[in-house]
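Novice: What follows is each chain in one-letter form.
Protein chains: 2
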Amino acid sequence: MQLTHFTDLGLRVLIYLTYPDRDEPVTISEIAERFAVSRNHLVKVVHFLALQNWIVTTRGKGGGMALAQPVDTYRMGQIIRQLEGHTELIDCSKPACSLKGNCQLKAILDSAHRQFYEALDAYTLQDAVASPTREAVVQLHQLYHLQVQPSP
Amino acid sequence: MQLTHFTDLGLRVLIYLTYPDRDEPVTISEIAERFAVSRNHLVKVVHFLALQNWIVTTRGKGGGMALAQPVDTYRMGQIIRQLEGHTELIDCSKPACSLKGNCQLKAILDSAHRQFYEALDAYTLQDAVASPTREAVVQLHQLYHLQVQPSP
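Those protein sequences? They're chains A and B, same order as listed.
Numbered per the working numbering, the first sequence spans residues 31 to 182.
Numbered per the working numbering, the second sequence spans residues 31 to 182.
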């Protein structure tokens with residue numbers, strides 16, 4: 031059982047954006063470089079995050095993205111549920127199961143699936159960047175600044 | 031988030047084997063036909079189930095498989111955890127995450143993952159074939175008998 035690569039990237043973007051001490055917005059290229067991930071995949075993820083009103087984006091030179099809300103208002107269960115796209119744990123249609131419509135296993139799986147998201151909802155994005163994650167995020171941003179603004 | 035096809039097949043096999051009124055063992059071909067799934071995939075799944083001592087298999091003509099233990103002793107969390115192969119919800123190595131080793135998100139995900147399996151462990155295979163699943167399984171077995179033992 032794994033979360034999708036889409037969810038993985040979405041979480042990395044949100045975590046990166048928690049760093050509060052940025053004057054300028056964060057660009058997709060910056061995140062792609064920092065996490066060594068595909069820029070094309072990130073474009074789709076960032077578009078999705080903006081549609082959820084989780085981030086605000088600005089276009090053009092000097093544009094980029096930032097978190098739209100306070101970091102402690104992002105519930106991890108809600109975020110991951112949306113990123114995962116409400117998939118079922120087992121697709122009873124592929125291959126079509128002979129028990130479909132008469133299966134108590136599905137009810138058991140659905141119940142555990144709900145409890146999984148409820149467990150995640152006990153945490154916010156703020157908890158996800160508690161120490162030592164916060165310091166690691168700060169360091170990633172500092173690395174970026176060293177690269178784009180070399181000392182004279 | 032989805033369970034693997036391997037887990038899906040493993041669960042279908044175990045559910046099919048809960049039918050108590052069989053004189054002869056169940057064959058892989060029979061399950062492949064009843065669930066319209068690949069025989070090759072089933073061979074691997076059945077081998078795995080036997081390694082876990084969840085089923086007993088007999089070779090040769092008249093051979094096949096049967097549940098090894100009483101149906102109410104199979105904990106659904108334990109079964110699904112084994113079938114899933116103890117995977118992590120996110121593979122922090124693919125692509126290698128810059129936060130690896132300093133990530134509180136991983137602890138949050140691990141905690142919810144454990145709670146998912148604990149929720150499943152509240153149920154046994156017996157619960158998974160409660161009515162109407164039991165009747166659907168009986169019907170699948172009866173269909174098979176009609177096919178192999180046509181009335182004169």
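Think of the hints as simulated: they come from the structure by calculation, not from any bench.
A portion of the hints provided could be inaccurate.
Put simply, identical chains are the same to the list, so a pair is met inside one copy or across any two.
[To be verified] Derived DSSO-like pairs: lysine-lysine, alpha-carbon spacing no greater than 27 angstroms straight-line: (1) 91 - 130; (2) 74 - 136; (3) 91 - 74; (4) 91 - 136; (5) 124 - 91.
None of the values given here were measured: they were computed from a predicted structure.
Novice: Tell me, please, which holds for residue 124 and residue 91 at an alpha-carbon limit of 27 angstroms: within, between, both or neither?
Specialist: neither (47 angstroms within a copy, 32 angstroms between copies)
Novice: What label fits residue 74 with residue 136 when the C-alpha limit is 27 angstroms: within, between, both, or neither?
Specialist: Between copies only: 23 angstroms across chains, 31 angstroms inside a chain, cut-off 27 angstroms.
Novice: For residue 91 vs residue 74, is the C-alpha pair at or below 27 angstroms within one copy, between two copies, both, or neither?
Specialist: within (20 angstroms within a copy, 56 angstroms between copies)
Novice: Since the copies are identical, ignore which copy is meant and state whether residue 91 and residue 136 lie within 27 angstroms (CA to CA) inside a copy, between copies, both or neither.
Specialist: Answer is neither: 50 angstroms inside a copy and 35 angstroms across each miss the 27 angstroms cutoff.
Novice: Is it within, between, both, or neither for residue 91 and residue 130, if the alpha carbons may be no more than 27 angstroms apart?
Specialist: Answer is neither; intra-copy 53 angstroms and inter-copy 32 angstroms both fail.
Against the hints set out earlier in the document, violations occur for numbers 1, 4 and 5.
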